[in-house]
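S.K.: For reference, the chains in residue letters:
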Amino acid sequence: MDVDMIFKIAAIGIIVAILNQLLVRSGREEQALLTTIAGLIVALMMIITQISDLFATIKNTFGL
Amino acid sequence: MDILSICGVAIVSAVFVITLKRHNAELSILISIGAAVIILLSVIDYVLNSLESVSTILAQANVNTEYVIILLKVMGICFLTEFTCDFVKEAGLDSLCGNIALAGKILVLVTSLPMFMEILSVVTKLSGGEMIE
Chain A
1 MDVDMIFKIA AIGIIVAILN QLLVRSGREE QALLTTIAGL IVALMMIITQ ISDLFATIKN
61 TFGL
Chain B
65 MDILSICGVA IVSAVFVITL KRHNAELSIL ISIGAAVIIL LSVIDYVLNS LESVSTILAQ
125 ANVNTEYVII LLKVMGICFL TEFTCDFVKE AGLDSLCGNI ALAGKILVLV TSLPMFMEIL
185 SVVTKLSGGE MIE
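Taken in sequence, the protein lines are chains A and B.
For the first sequence, my numbering begins at 1 and goes up steadily by one.
For the second sequence, my numbering begins at 65 and goes up steadily by one.
If you are wondering where the hints come from, they were derived from the structure by calculation, not from laboratory data.
Using N, Cα and C, we set each Cβ at its ideal position, and we do this for glycine too.
Hints should not be assumed to be uniformly reliable.
Pairwise CB distance ranges (calculated) [what the hints assert, rightly or not]:
| hint | chain 1 | residue 1 | chain 2 | residue 2 | range |
| --- | --- | --- | --- | --- | --- |
| 1 | A | 45 | B | 123 | 41 to 49 Å |
| 2 | B | 76 | A | 44 | 15 to 23 Å |
| 3 | B | 133 | A | 2 | 30 to 38 Å |
| 4 | A | 49 | B | 123 | 30 to 38 Å |
| 5 | B | 150 | A | 63 | 17 to 25 Å |
| 6 | A | 30 | B | 75 | 32 to 40 Å |
Derived DSS-like pairs (lysine-lysine); straight-line CA-CA distance at most 25 Å [as the list claims (entries may be wrong)]:
| hint | chain 1 | residue 1 | chain 2 | residue 2 |
| --- | --- | --- | --- | --- |
| 7 | B | 153 | A | 59 |
| 8 | B | 137 | B | 169 |
| 9 | A | 59 | B | 169 |
| 10 | B | 189 | B | 169 |
| 11 | B | 153 | B | 169 |
| 12 | B | 153 | B | 85 |
| 13 | B | 85 | A | 8 |
| 14 | B | 85 | A | 59 |
Some but not every residue of chain B turned toward chain A, in silico, with C-beta under 7 Å [what the hints assert, rightly or not]:
| hint | residue |
| --- | --- |
| 15 | 88 |
| 16 | 101 |
| 17 | 105 |
| 18 | 112 |
| 19 | 134 |
| 20 | 137 |
| 21 | 140 |
Next comes chain A alone, as it looks inside the complex (with noise of 0.2 Å):
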């Protein structure tokens, strides 16, 4: 069970988050929005091998 996975994405959310404020105190919006979405494509990537390896998964059990 890959627990770790979560606390991982919670960490990327809360860094991606304070970064974000950062930026747009300082008044570089532009880089907020490229902070946000880099943050996002790699949790992304993180979860789309688990959510194919759950799909293998039901593909094989139930003979999809």
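Given chain A, put chain B in place with the hints provided.
M.R.: Frame of chain A; chain B shown alone:
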């Protein structure tokens, strides 16, 4: 994998989701999807084991395995549809959720149609009508 650790994972991820929801809503949805995937992956082995026992029982009861395969496929389709629909609904896209549910229903209908045709042919045979091919 026992129920205590599943509940623990659920509570911890719920806390994370609530913490992140205000500042970073996209990532909070990803956390909830990740938690659900982890929980389901940890219990799906038991499903596999119990399905094997069920198919052994059905084989001993001389039930046609063709029907069991169709039943399992329908179960899998329902499982996937429900899982995806819940998350799409949580993301706030109710219309997409309705579409996925409709697609799941259509696929279930298409998958179980051969079984229905067989029942229909048995009924017509019993009532003395002509066979449907």
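S.K.: Does each hint hold? Answer for all of them.
M.R.: Consistency of the hints with the structure:
The hinted window of 41 to 49 Å between residue 45 of chain A and residue 123 of chain B holds, with their beta carbons roughly 43 Å apart. The supplied range of 15 to 23 Å is met by residue 76 of chain B and residue 44 of chain A, whose beta-carbon atoms lie about 21 Å from each other. Our hint of 30 to 38 Å for residue 133 of chain B and residue 2 of chain A holds, since their Cβ atoms are close to 31 Å apart. Range check, residue 49 of chain A to residue 123 of chain B: about 36 Å between beta-carbon atoms, so the 30 to 38 Å window is met.
Distance hint for residue 150 of chain B and residue 63 of chain A: a CB-CB separation of about 23 Å, consistent with the stated range 17 to 25 Å. With their beta carbons about 37 Å apart, residue 30 of chain A and residue 75 of chain B fall inside the hinted range of 32 to 40 Å. Simply put, residue 153 of chain B and residue 59 of chain A have alpha-carbon atoms about 23 Å apart, close enough for the 25 Å limit, and the pair holds. Taking the CA atoms of residue 137 of chain B and residue 169 of chain B, the gap is about 13 Å. The hint holds against a cut of 25 Å.
Annotation: proposed proximity of residue 59 of chain A to residue 169 of chain B holds, straight-line Cα distance about 18 Å (limit 25 Å). For the suggested pair residue 189 of chain B and residue 169 of chain B, the alpha carbons sit about 29 Å apart, so the restraint of at most 25 Å is broken. Of the pairs offered as hints, the one joining residue 153 of chain B and residue 169 of chain B holds, with about 17 Å between alpha carbons and a cut-off of 25 Å not exceeded. Straight-line distance between C-alpha atoms of residue 153 of chain B and residue 85 of chain B comes to about 16 Å, which keeps the hinted pair within the 25 Å bound.
Of the supplied pair hints, the one linking residue 85 of chain B and residue 8 of chain A holds, its CA atoms being roughly 16 Å apart against a limit of 25 Å. Of the supplied pair hints, the one linking residue 85 of chain B and residue 59 of chain A is violated, its CA atoms being roughly 32 Å apart against a limit of 25 Å. For residue 88 of chain B, the interface hint holds, since its Cβ comes within 7 Å of a Cβ in chain A; the closest pair sits about 5 Å apart. A cut of 7 Å between beta carbons decides the hint on residue 101 of chain B: the least distance to chain A is about 5 Å, and the hint holds.
The restraint placing residue 105 of chain B at the interface with chain A holds, with a minimum CB-CB distance near 5 Å, inside the 7 Å limit. Hint on residue 112 of chain B holds. Least Cβ distance to chain A is approximately 5 Å, under the 7 Å limit. Interface restraint check: residue 134 of chain B against chain A, minimum CB-CB distance 10 Å, threshold 7 Å, status violated. For residue 137 of chain B, the interface hint holds, since its Cβ comes within 7 Å of a Cβ in chain A; the closest pair sits about 6 Å apart.
Hint status for residue 140 of chain B relative to chain A: holds, with the closest Cβ pair at about 3 Å, below 7 Å.
The structure is inconsistent with the numbered hints 10, 14, 19, although it conforms to all the rest.
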